[in-house]
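Number of protein chains: 2
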Amino acid sequence: MNEEKLRFYKSLGLKLTPQRLAILEYLENNRSHPSAEDIYNALKPRFPSMSFATVYNTMEVLVKKGLVKELSVESTRKRFDPFTHPHHHFFCKSCKKVIDVGTIKNNIKIPEELKDCELSEYQIIFFGLCPECKSKSKQ
Amino acid sequence: MNEEKLRFYKSLGLKLTPQRLAILEYLENNRSHPSAEDIYNALKPRFPSMSFATVYNTMEVLVKKGLVKELSVESTRKRFDPFTHPHHHFFCKSCKKVIDVGTIKNNIKIPEELKDCELSEYQIIFFGLCPECKSKSKQ
DNA sequence: TTTTCTATCTTAACGTATTAAATTTATGAG
DNA sequence: CTCATAAATTTAATACGTTAAGATAGAAAA
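So the protein sequences, as listed, match chains C and L.
Numbering-wise, the numbering used here puts 16 at position 16 of the first sequence, and it's gapless, one number per residue.
Numbering-wise, the numbering used here puts 55 at position 55 of the second sequence, and it's gapless, one number per residue.
Keep in mind the hints are simulated off the structure, nothing from the lab.
This one's a predicted model, so the numbers in the text were calculated from it and none came from an experiment.
A few of these clues could be false.
Cross-link-like lysine-lysine pairs, in silico, DSS-like; alpha carbons within 27 Å at most [claimed, not checked]:
1) Lys64(C) with Lys44(L)
2) Lys5(C) with Lys15(C)
3) Lys96(L) with Lys44(L)
4) Lys69(L) with Lys97(C)
5) Lys115(C) with Lys134(L)
6) Lys136(L) with Lys96(L)
7) Lys96(C) with Lys65(L)
8) Lys109(C) with Lys69(L)
9) Lys93(L) with Lys65(L)
Modelling step: build the complete structure from the supplied sequences, incorporating the hints.
What follows is the structure, encoded as structure tokens:
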């Protein structure tokens, strides 16, 4: 990771521990949608003493800083999205894979019902079977 | 609950036990978005022996039959929606309340990325603070 | 009514997320 | 560079939501 990146993370008020740097590195240019366990497993080899608490703590900080988004595609566990540009998602009900979907052309109008709410964002989630699971289910 | 409703539920192949009838009755004309616990608490007074397993089992059946939808607004617990007409949702990050939003005028085009997927539905979820939590946060 | 079959209940286990306390570490001031 | 401090990590325990298995009860069918 280069100097500029390091300065950037520091400028956010983040203490740069080896574990955090490893998590940041893992997330950089990562277009998957890892669960806490995915992150934990990925870093375990390099940091055998690493705990889930560290993963959750770090991810909470990163979400607050806007460096990562939290997905609500599953109702049993958190999924994180390191790609923060506006986009949407598909969720495969069978294999739990998430597929990125570009922004939807027709821009959504803010519904009348929400005129007194403070809106921060919206997500569109498509549900179904990914190509692999689709063909498996037809056998 | 009237005869017609009973016949309808039976026609779906549902065995009509008192607990199920109570859950169905609770859901009828219910425009909230209960969690399993909400349902459990609502029925506990009438059915002190009722267990969570029964709630989950029944809801699973109802979701399969299409009488209830499962929402993915929270990543730590399930929320159910007994109102199955097409519509979308707002989720308050603070009090976890869900607000219904009518269908969005511009119909969403199926994204190119998903052309090989088998799509079953999509959800649009707005996130932010509901009017109450918004005013509280400004004090 | 008797039999069969399914739903329910209880209990326990599971996966995931969160918390508290004690220890260790990064950082900035001196 | 050393030290003091605040912050992060570790460990362990705990909370929460969900699911599974076996025993029981109850509804439907004959």
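Inset, instruction - Decide if the proposed pair is consistent with the structure: lysine 115(C) and lysine 134(L), CA atoms, cutoff 27 Å inclusive. - result: holds, 12 Å
Legend entry - Pair hint outcome, lysine 69(L) versus lysine 97(C) [Cα-Cα no greater than 27 Å]: The hint holds at about 21 Å.
Legend entry - Distance restraint between lysine 96(C) and lysine 65(L), which requires alpha-carbon spacing of 27 Å or less: Given pair lysine 96(C), lysine 65(L) holds - Cα atoms ~22 Å apart, limit 27 Å.
Legend entry - 27 Å Cα cutoff - pair lysine 136(L), lysine 96(L): holds, 15 Å
Legend entry - Pair hint outcome, lysine 64(C) versus lysine 44(L) [Cα-Cα no greater than 27 Å]: Violated: lysine 64(C) and lysine 44(L) sit about 38 Å apart, past 27 Å.
Inset, instruction - For the pair supplied as a hint, lysine 5(C) and lysine 15(C), confirm whether the alpha-carbon distance does not exceed 27 Å. - result: holds, 13 Å
Inset, instruction - Measure nothing beyond the straight line between the CA atoms of lysine 96(L) and lysine 44(L); if it is 27 Å or shorter, mark the hint as holding. - result: holds, 23 Å
Legend entry - Restraint status (C-alpha distance of lysine 93(L) to lysine 65(L) at most 27 Å): The given pair, whose Cα atoms are some 30 Å apart, is violated under the 27 Å limit.
Inset, instruction - With a cut-off of 27 Å on the C-alpha distance, tell me whether lysine 109(C) and lysine 69(L) pass. - result: Judged against 27 Å, a Cα distance of about 24 Å means the pair holds.
Hint compliance for this structure: hints 1, 9 are broken, all remaining hints hold.
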